[in-house]
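Trainee: Residues per chain, in single letters:
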Amino acid sequence: MAVVLENKRVAPDVYLMRLTDTPAKPGQFYMLRPLPGSLEPLLGRPISVFDCEGCESSFLYRVVGKGTELLSQRRASDSVDAVGPLGNGFPLEDRDLTVVGGGIGIAPLYYLLKAHRARFPGRKRSAYLGFSGDSFLTEEFSALCDVSKVNIGGFVTDDVDFSVPALYCACGPTPMLRAAKKRAEAAGAALLLSLEARMACGVGACLGCSCATISGNRRVCKDGPVFPAEEVLL
Amino acid sequence: MSRLQVNLLGVSMKNPVIAASGTFGFGEEYRAFFDPGLLGGISSKGLTLHGSKGNGGVRVWETPAGMLNSIGLENPGVAHFIERELPLMRRIPSALLCNMGGHSLEDYEQGAAMLDKADIDILELNISCPNVKAGGMAFGMEPATAADVVRRVRALCHHPLLVKLSPNAPDLIAVARAVEEAGADGLSLTNTFLGMAIDVDRRRAVFDNVYAGLSGPAILPLALRMVHQVCKAVTIPVVGLGGIATWRDALCFLMAGATAVQMGTAGFADPLAMPRAIEGLEKYCEEQGLQNILEIRGIV
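For the record, the sequence lines run as chains C and R.
Numbered per my numbering, the first sequence spans residues 507 to 740.
Numbered per my numbering, the second sequence spans residues 315 to 614.
All the given hints hold, so there is nothing to weed out.
Subject to a maximum C-alpha distance of 30 Å in a straight line, what follows is the list of computed DSSO-like cross-link-like pairs (lysine-lysine):
| # | chain 1 | residue 1 | chain 2 | residue 2 |
| --- | --- | --- | --- | --- |
| 1 | C | K688 | R | K367 |
| 2 | R | K367 | R | K447 |
| 3 | C | K514 | C | K531 |
| 4 | C | K655 | C | K514 |
| 5 | C | K620 | C | K630 |
| 6 | C | K728 | R | K367 |
To give an idea of the chain C side of the interface with chain R (calculated C-beta under 10 Å), a few residues:
| # | residue |
| --- | --- |
| 7 | M537 |
| 8 | G543 |
| 9 | V589 |
| 10 | V709 |
| 11 | L713 |
| 12 | K728 |
Just so you know, these hints were derived from the structure itself, not from any lab.
Even glycine gets a Cβ: it sits at the ideal position worked out from N, Cα and C.
Work out the full structure: start from the sequences and follow the hints.
Mentor: Written out as structure tokens, the structure reads:
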């Protein structure tokens, strides 16, 4: 059980919610249930950790259905069920870091950049953020980066030069990930993808979120959500 | 003897709560939340002879107080299970149920023969799989086909045999009786109810297979009624499942005549649902002055 500290709208249908008791590493997620103990809605929603300070994480989510709608209605001091932290998360590597995010897929990349800056202050950080409509939280990203570029309505992957040596991390809609994978492969760049999937349990038991990889099916929730791009079959 | 201790098909269990097949992997996934050894039993992810990659497309879809799934029995196969998963699963001090299905009679027979020599406590036979060689109708739909697969497996496997029934059978009672007659030691019911979801925005069925299995609290009253009916129709023990989320839900199934219960989907929503239910049952026995939980079995 976690308590809502803040739940603010950052764009139409996009919210940033800060919770108590939610420690996490960059790239991890929680299964959030808006009404603790309720059987309706039944399942948690996998929501990425956007940022984390100590034991308080903030979660960036878009209202797309019943569960996220109810989540958006929770107010400070309300309780929500938070199961986590879940998933493997991103590694922190001592080299330059470039993130590529599409829409709500920017969610796990902010904390990654922040942790990278804290650990490797001398390294260069770049962010390429793509949105189909309203952009959000782009200033927060630029504050952490040497280079930051926002693309509205176009293909964010067109902005990225994958031949520049760095670790590339991407999260967003599948077509965007597919394009990033193709370009990274052509340039011989190391690319990690954070995948999104429908899931029931979030802990590796239900196999609802299986994804195809070169070594057979893997679970997005437990074996991922972060995978080397060359391993996943998109 | 503990108040919750029960005997299922000759296997002693520390309590009547079993993790349902397909919701608890091979016992390790929830270890971060609780010790799986607290459970009375664990039913393995459903195995098929050669394993399966499972279904493509959407696999899970939330419904009012429940969920539809079309996982398609993704599993590593019987041989892999025996070699890799079983030794780890065996270390957990809970009754070990191995759940196995098949797409042909030969698959069932070969799988059962392989598992006969394996160190499992109970073979839970999933007869809800489609029979590929007979037009895809599930074995468990009709008494004759259900009895045939049970008889063949019975002949090849000495382990206690628990047959998991599909609630989608047009005459469930007839199937239950036929399966008992064919040599099953016990029955577990229900498997998921066949359901459907449509994505109205895309004007198409949500699942590639169109239909999918419904589970969760939404099905509890239906499953409870079926367990009640089957318990009155057969003399072998029945394991009740279908939407159990709390100790009170578990009690319903025991009062309806079940010897043990299984929980699954509730654990997706709340990883601690099973240990909480066990604790609740323990407390109930204390408060009611029961020496053993099964004193209330079948009282309704």
